[in-house]
Amino acid sequence: MQMKPYRIGTRGSPLALAQAHETRSRLMAAHGLPEDAFEIVVLSTKGDRVTDRPLSEIGGKGLFTEELEEQLSDGRLDLAVHSSKDMPTALPEGLGLVAFLEREDVRDAFIGRSAPRLEDLPLNAVVGSSSLRRQALIRRLRPDLSVITFRGQVETRLRKLGEGQVDATLLAHAGLKRLGNTGVITELLDPESFPPAPGQGAICIEARTNDERIAELLAPINHADTEAALLCERGFLGALDGSCRTPIAGLARVAGGQLSFYGMILTPDGSVWHDIRREGPLGDAAQLGADAGAEVRDRAGSSFFDSWT
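Number 618 in our numbering belongs to position 107 of the sequence shown; there are no gaps in the numbering.
Simulated from the structure, these hints should not be mistaken for lab results. Possibly wrong hints are sitting among the right ones.
Said to hold, decoys possible - Computed beta-carbon distance windows for the label pairs:
| no. | residue 1 | residue 2 | range |
| --- | --- | --- | --- |
| 1 | P731 | R670 | 19 to 29 Å |
| 2 | E630 | P603 | 35 to 45 Å |
| 3 | P627 | R724 | 18 to 28 Å |
| 4 | M514 | E613 | 45 to 55 Å |
| 5 | A735 | P545 | 39 to 49 Å |
| 6 | N635 | Q769 | 20 to 30 Å |
| 7 | E674 | L699 | 17 to 27 Å |
| 8 | G663 | D631 | 36 to 46 Å |
| 9 | G794 | E604 | 38 to 48 Å |
| 10 | E577 | N733 | 23 to 33 Å |
| 11 | M514 | P792 | 38 to 48 Å |
| 12 | G694 | E630 | 34 to 44 Å |
Just so it is clear, CB atoms sit at the ideal spot from N, CA and C, and this is done for glycine as well.
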């Protein structure tokens, strides 16, 4: 019988806390447990502390997970809640993504100060984004714009926008919904012309792979279709060695027991891109994504990837 509270690890940003609270609420409902059966443990990660440089310069996606994974590995945490798009494809030995909550809206939200839509921004307007994918997609659609690195929590980026440091910025619609702050959005971008990051909109839960007790705890809140979609998208990333250093987009959708995938890779300046579509059964999700990644890598040729280093 569980005597001590389950310890849920999370970063300390308002969005990360909202995701941890959502996970706790779902677990309480699934098991009929009181709130004090869970303890939310807030940890600071290097990715949160270092905000004056692009992630690509200081280590990539693992910067948001390392401290949490250390405490998962040694047993101080029972599970950790993450944004799926922040997760590296290779996890520490003994750890795995064991549950995915049902996915939210995958679209990117455009927040314009000088124009309500990306296409309406004036010539040479300045757009701030910390995502190499978003930067490359903006440059692909609007090569005239000036795109600058724009890091910080959601609230920080919105404050900088309001101060006039940039003319516009982009954030995940899912994150703004979880924060109850969708009123700032001036345009939702079409995922066909502006495809999202692999994993965008999905909360994942990491735990020890040999901990059957935690696996049983999490099983009722796992959303099977989201899991299949994420296995496909992470397979695509893995085949391309995707990280915060690389402009990669990918979205898998599930309908009627089948999975359809659309992926894209770009040069950082957005001038060259290659995209791919694949369909297949849910049971082949991970392999479908990996095959798509291998095909688009071969099609792009080795010289394409020189811009990623």
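Worksheet item: Tell me, which hint numbers fail for this structure?
Response: 1, 3, 4, 5, 6, 8, 9 and 12
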